[in-house]
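**Q** Letter by letter, the chains look like this.
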Amino acid sequence: MRGGAEMRQLHIARIKQMATLVLAGLCALPLLLLAQTTLPEAADTCLACHDDSRLNAVLHGPHAVLSDARNRFAEQGCTSCHGTSEAHMQRPPRGESRAGTDVRFGTGEGGGDAVCLECHRGSALHWTGSVHADAGLACVDCHRLHGDDPMLRADTEVEQCANCHRKEQAEFMKVSAHPLDGGRMQCSDCHAPHGSATPSALARPTLNETCHECHAELRGPFLWEHPPAREDCMSCHTPHGSSHAGLLKQRTPFLCQQCHLAQFHPSAALSGTGLSGSSLPSGSTSLMGRDCLNCHQQVHGSNHPSGVGATR
Amino acid sequence: MHSTFVSLPFSIAFGLGIGMCCVPIAQASDRIDPTWVPVDNGCHSLVLTAALPHSDPFRRSRLAGRNGGRDMLGLIDLLLCKPPAPDASRYWRIEVDAAGGSQPRATLTLGEAGRWRVQADGKRLSSGIEQLHTAMPGDGRGRFDLPLGWVPGTTTAAMRELLPSLIPVALERRRSEAGLQGRAILGRHFQLDARYRESRQSGLRRFAAVTGNGGGNARAILLAAPLDQRTRTADLGLMHVGPRLQLRTGFHLSHFDNAIDALSWQTPFSQVSGWAPGTASPALNRAQTAPDNRFHQLSLALGYVLASNLRLNADVAIGQMRQNQTFLDYSAVPALLAALSAPLPRPDLDGRIDTRLLNLRLAQRSESALRWDARLRIDDRENRTPVSEFIYISGDSEVQNTAADSARRRFNIAPSHRDSLYALGAGWHPDRRIGIDAELAHQAIERTASARSDSRERRLALKLRHRASERFDYGLKLSGGDRRGSTYLGSRDFVETHSPDYVATVPGAFENLPGLRQYPLADRRRHQLSAFARFEASERSHWNLNLGELRDDYRASEFGLTDSRIRHLQADLSHALAGNAWLHAFVGREWLDAAQRGRAFQGGATRLAQANDPNRDWAVDHADRIDSLGLGLSHRTPGSPLRLHADISLSDAQGALTVRTGSLLASAPLPDTRARLLHIDARLDYVLREGVELGLHYRIERFDGADFAQDGSAPNTLANVILLGNESPDYRAQAWLLSLRYRF
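So the protein sequences, as listed, match chains A and B.
Just so you know, we're using numbering that gives the first Met the number 0 here: the first sequence kicks off at 0 and counts up by one.
Just so you know, we're using numbering that gives the first Met the number 0 here: the second sequence kicks off at 0 and counts up by one.
Please keep in mind that the hints were generated in silico from the structure rather than gathered at the bench.
Note that the structure is a prediction, hence the values are computed from the model and not measured.
There could be a bad hint or two in this list.
Below, simulated DSSO-like cross-link-like pairs (lysine-lysine); rule was C-alpha separation at most 27 Å, straight line [what the hints assert, rightly or not]: (1) B:476 <-> A:248; (2) A:166 <-> B:462; (3) B:476 <-> B:462; (4) A:166 <-> B:476; (5) A:248 <-> A:166.
Excised from the complex, chain A in its bound form:
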């Protein structure tokens, strides 16, 4: 005989499964609405030469949707982004190479970004003056316009960012790191690559708010605060990776002793004399095991009335 709670959970699970089935079935319905039509003449003209699968991939993306008035593809085809490009359309004199399109999307070239920003004005909000903009990056340095955009895929975004951010890539390989492998986390979970109101282009208005987005248990406020944690998580932590546990900047207990040198054990000189020997028990509580954290568990703040020393 199953208990009431168990039956209730079973019912909930079944309802969730049914809802999933219906949802999944519904998502196939758009297929029924598809009907393929011819492309605008302007696009056909381009495709006469550019019949390349990599370029044609744009036809499977949002930039070539005829009914989307923002991209003007229905009226102008490829020229809506690449410009009318009359010189490009002319056969070049013998021995000369063909002129490029009016608008080009390479790094630092002919106004491609302005074309992107005409539609993607939301991304333009903090772009001007942002770190990436001032580094001379063009939209296409990160984004792919004609096919699957790696920046929009959880499993490829990190790899794309790492193409430039090699130091951070190396840090994520360290023993203690956020789980960016296999798309489990992404750079954009913390950073806003198009710029933001923070110096390091963080996703939230401040560094601590960005950290607390996932680590909300550390937000407090607490009865017994640890002021450096309240002000700046990076006082003790390094965000991309560390060879010390818990993404710490330095090994404990020495990290703690960089700010805490009170009488007795906080100011003790910790050295090989505190190591455990062959006869047990032995060794310094301040040096072995989790050292300071053997007792001072609540280093981010305690809310217990007797938790003054971060031990409750």
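Chain A is fixed; fit chain B onto it per the hints.
**A** Coordinates of chain B only, in the frame set by chain A:
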């Protein structure tokens, strides 16, 4: 929870199959010849993987975490999608990753290009499993009882039932996330964004459960404490996206709820000198876990083109953090509660921090060579949490001491700060080949309840970028900063949080050494240098070099961190070895050096004498060196059904600690430390026929470490702390994976 989550991708696949079965018929009747050639859009693939992990569990990658006790693991990756097309603005995409494993991920996206988009997603993360041992496994809801027949002792030496009582425990933090987000384009100039996300943390983590009243009398047992926390976040934003003005108003809320309010445990220690009667084993002790909290924020972000190439950005955000979880009692021991003479001053903290942010930026970016910008940022955190006096009981082990000069009379603090940044930048970019930039910044931080109520830092940065040729470019960045501020009052926290009568009894009226400067507050000179060079030998050969140094000189710090230097050097290349073989290689080294100083002193009659005795000085020099190596090799011959791929990554950290002490202190060398993490992925794919591939994959993850604090540690290693024990933190995880990929 687990079974429902795992069954989700199967349900999606099944439901979608039903939905799709009639689609080809409908399309066939409507089909007309397209004028463009359809391409493989990468949609519709199914990957079935049989994984055979052995040895230790993985701690990284999608194989990390618990596998439900099964030896062999079945994983399913599924991709189904209908991308938009010129004549079909609606699209959808279903992506399932690693279903059946411990870290599945699923995403469903629906939308109509230019009009709306909805995405639902879910995933589960694991921190990886750490196998340890405990004598007190707990009931899963935060209660830990001693095993039957427990023999308490003042130290672990006397606990003869400790080792026989040990049972294995697997520490693992799991995070399950589910989210729903959507965007609606409302006409030409407006869009609405909404996002909801729920994250639940579960599993077991270490928790130091302390008994005792401080100093040398504290005793502790490390517990495998349960986690059951939930964070819900929601964002709602309305954005105007005009050609000159972009304006976004947003509301953000984040609610944190902890289903386990407290951890309770029976102390395993017998009566220790200084403990009150009735507090020894098996008395119940209690600690509070992270309290529930709330954060709400309203924001406004504005971008406006003032004139040609002159842009103004303004960001304003006001928010509030609240926390009002009911306090636990001062103690969980009935005898101590009965003896309380001063109750809690309030039932809860009623904690409140008001947050205000203003960010202004005026930037000019034109086609001319000169560019400039001006920035102002004010981040204000006003802590309005009430301050009260608490007469606490340390470690559930002493009778409340309400004397006027009691050290247990403590006032909480409510630290506030205002961080203001003013910056002016200018650059000269005569063409796209060269750019020179400079920025001058001034940062001022005002604090309450801090040793330094006012600190100021001036920073100057210079940057150069030069594209010497189409194949070679390089850059250099130099910066320097000088931080100083108001008089450093190292004893301020001590004086303000204790009763004046108690402070009067403490020789010198200080807690930390007066010569200590806490490094986040201390005077600091900072120098930074970084450089890069990129060389494109050919279209098939790219080389990069990066190096840098960050040097911090805490020039006024007698004690604490006095010096820090971080250097790195990295090189990488991407190179076509032969026709269809690519090599990606990455190598780097990082040096982290730091120096800190201290002086050992004790309490009582010798306190001041020792605190002023340079023969009791000590110093520690840290020298960490971290080598990183990455190697990727891929090969595929056109026409060949075989594809090979191999990835290796290595992070090898070696640390050296040099301790020097004054003549009155004894010291001995500390062993060097090492943490080496190696990953190898080797994959072989064989195309059986068009759209069908067979893959064989071998993965290894190996950690080798040397850490004097961990190696060989057992629950009875220390006298006063019962550790969870970790005889050898090293692990070696391996897996063979056989996969069948079907594209349709």
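**Q** Hints first: check each against the structure and report whether it holds.
**A** Status of each hint after checking the structure:
1. B:476 <-> A:248: 23 Å, holds
2. A:166 <-> B:462: Given that 27 Å is the threshold and the Cα spacing comes to 18 Å, the pair holds.
3. B:476 <-> B:462: 4 Å, holds
4. A:166 <-> B:476: 15 Å, holds
5. A:248 <-> A:166: Since the Cα atoms of residue 248 (chain A) and residue 166 (chain A) sit roughly 16 Å apart, the hinted pair holds (cutoff 27 Å).
Checked against the numbered hints listed earlier, the structure breaks none of them; every hint is satisfied.
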